[in-house]
Amino acid sequence: MTNYDVVIVGAGPGGSIAAKEAAEKGLKTIFFERGRRPGEKNASGCGLGPRMWLDFDFMKELTPDECPSMRAGAAARNYFVNSEDEVSSYIMTRPTESVTYEPAKSFITMNVYRSEFDPWLAKYATDAGAELKTSTLIVGLLKEDDKVVGVIDERGEKYRGLVIGADGVISTVARESGLRTRWEQNQVTIVPQYDFAVSPEKIDDIMGDEALAVWWSSTFPAAYQVFFNDGFHIGLGNWMTWWDKNPLYYLNRCMNLKYFQRLVRILEAKPREFQCHLLPWLGYPNNTHTDNVILIGDAGGFPCPLEAEGIYPAMITARVSVEVAAEAISEGDTSKEFLSRFDEGWKKTSVGEDFETGPELASLWRALPFSPKENMSWLVPLISEVFGGIIDWSQPHGKRIRQVASQIKSYLPKMVPMLLKEILPLLTATLGEEKMELVTDPEKLLASMPELEKVIAQAFMIDDSDEEE
Amino acid sequence: MKVNVEDLVKRIPNTGDFISVDSEKCTMCERCLIVCVMNLWKRKDDAAYIVEDYQSRCLECGACYQVCESDAIRFRYPSGGTGIVYEKG
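Chains A and B, in that order, give the protein sequences.
Residue numbers in the first sequence follow my numbering, run continuously in steps of one, and reach 480 at the last position.
Residue numbers in the second sequence follow my numbering, run continuously in steps of one, and reach 101 at the last position.
Bound conformation, chain B alone (with noise of 0.2 Å):
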């Protein structure tokens, strides 16, 4: 069965920015890559990214963060009230 999964997220905008990647940390160990269920995190050269339009499009797991352990990506919620709404979690 084929599901487009960004078609079934809700979220309010106006996050801010809550991800960040240290690229001069990053071992491209492509741990991020692989467990992100978004696809938002890539490669470039030498160290991994995050797509430019991460805050639309991610759900605030803390996966990318908690495999990182060179400790190169940054993460906090979504400012309150924002970001990704579950009304059946």
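This is chain A alone, in the form it adopts within the complex (with noise of 0.2 Å):
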């Protein structure tokens, strides 16, 4: 057995902060990698999030000779696909005016392989002092008196130390501590995503920055589409209630639109390799630690409970763990009850921030984008009414203008309950109780901008006047 005071199960982005930050406060640190090395048995979107930049300084050293796979995410493509399987509109976006900082100025997401990015990461933390054991299987945890005191690899090696576990979605430290068998069902997606080798010249044509794509669809869960410098990934998920088929029905679904097949036919990509990962996607993380065992990242839940960003997550909650590791070492106190600064910690960073309102992004991304039948049905015509509509020949305009107005009353029974289900209760847990109802109570709004009264007053109300003529 060999000592240790931190024991990291995992090598992808919050295994590599971990052991990084935890060897920079001089403690003595393994991580280990199931992996011949970091990244090979990782499949994501995969896009690198800006606020990266923001809390890791070192991001900046990441260049395309580290990394060849490095394509910006600087615009996104969002298909809308109707019942019939065809793109009825389409909308691109960059990021807007009201983003604050550099690189969210320049790109949405960096995308990058993680057979690249992974081991780059891995390499601070090994260059910083901590050991790494590639090739190794954790395959259970050390126990003293029932309390965990370390983990054990395959070979029967043991390892003591405080044991974070950054072991991915289906993690044996999470288990073997006691903390989770298995996710709830509607915990948890399932992601299969086809990679497309395509060359760089192609995509800077055809695509230009248009490096992101999202397919929002009435037939399958929104598929993503992502760009790297020689090719893309095409993939989707839903949580593992919702299957009625197999998720590779839905995602052929996608790969199979007209439209596509012809971006495939003109890009010339080629299907280069076929993965499929799991991905906790939930509305609050919880049971993160127990006596001497903290989860970071997938392990803990921890992508964001809206769009699944799972390595920003990762790093940050990395990142907390060692800082409460450390306190809980040097005071001799590696309890469930101490470790409990890891909650408290993670809360006040800007991941905790997203999960301040996480039931409800959560629920609204079950209710839009995973669930194409029921309501994308409607959401995808109306959108398409809205931008189509009027660019149209076939009527007088405001005969047109008069039509698209009826079409969308028609939305009406199914988008008004939508609303108040899932943007209200979003709306109130993000501006408060008080001030949600300065916007729902119509007297309380009008009479916060007697400006706006008086020339409703004005615009609407009958003149005395008038009523006398």
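Derived from the structure by calculation, the hints contain no laboratory data.
Since no wrong hints were added, every one of them can be taken at face value.
Covered by chain B, per the in silico footprint, the following chain A stretches (three or more residues, Cβ under 8 Å):
#, stretch
1, 49 to 62
2, 176 to 189
With a cut-off of at most 27 Å between alpha-carbon atoms, the simulated DSSO-like pairs for lysine-lysine come out as follows:
#, chain 1, residue 1, chain 2, residue 2
3, A, K144, B, K22
4, B, K56, A, K256
5, A, K116, A, K359
6, A, K71, A, K134
Just so it is clear, CB atoms sit at the ideal spot from N, CA and C, and this is done for glycine as well.
These two chains come separately, so use the hints to put the complex back together.
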């Protein structure tokens, strides 16, 4: 048995940041990777969020020399697919004028293959003095008097220390420590995806800087398309409760869209790899720690509750876990009670802020992109009606406006309940009850804006003198 | 477009056994049959079973273990340094 201060299971972004920062604090640190090198077991979208550049200085050292697959997802295409599997409208967006900092003004995500990014990150940890053991599967936890004191690998080697579980969605550390046998079926998604090979020049010419796309659809859960330097991912997911057919059936349905096929032809894209992973996607993380154990990243359920960004939350929770671990070790108390500082800590971060409205955000995602037949089937034609309804020479324009308005009105019976159920709770959680009341109570709204009241009165109220005439 | 997913997967052999099923516990809810993207789960009589050559076809996603509410499916990852390799993940 070897003694360490901190034993980290997993060498993904969470494990590597935990190892780096633990080693920098002078803690004796080891981290384990079951692959031959970090990243070779990982399939994710995969975009790095700009918040990483705010919180982790070394991110500015990520260059194409280190990571040739890099491509900035500067702009995003949003395709809207109707019930007939047609792309019925399409909107392109880029970072908006309200975005406040670089590099977020320049890109929405930075897209990289994990086989390049993860080893790059792990090197910062080994350079800081952490020991990395690859090709090593941790199969169990070392226990004394029923309490976890370390980990055991498949060869029976024992490593003693405070355990940080950074071992992903199916976490051995979570299972063996009794924190979680498996997720609730509505807390985790399955995500199949294809990687296609495309020449960088073709992507530059055809996509320009539109290196992200979401295929919002009435027939399959929203699919994402992420462009890398020389290829792209196309994938989709949904909670385990959702599937009535094989997930691949739905992904193939997206790939068989005529519009998608046209893109594949002009890009001369060739299928290169098929991947599948699970992704925790829940409203609020719980059971994140116990005696001598902390779970971070996917293992702890930290992907963003709205869009499931996972790498940044893994790195942030890693940082918090190491701060708490260092305090626990120096005070000689690694009990569950002491480690509850981990929850206090992550709640104060940018990740914690996302989870303040976590249940509402997750519910909104479930109601829209994850409910293609129930909700996207009216939202897609509604969007198309708004954007496409006017560019139309079939009738005098005045008549078209009335037709469009009437069509939109026909969606109200489905739209209003969705707004009440999903949007109002989200606004209430974001704004607070008091401000929400201001928005939803017409009298209070008008009272707070006397000018508006005056204008409305002038415009709509019948003048007494008119009545007399 | 027709793509054979099995042609698009690289792996290192000698994983050892890493998935097994306790047919006594299986309630044949069929969730494993639905969610396995490689179609490795089949039905025989009143229990699900995994195909014999699963070690050379499984993507190690863990979906079968996750959906098995009756706790009939045991799953651990393949031995370190073996199994699926994602070069473009």
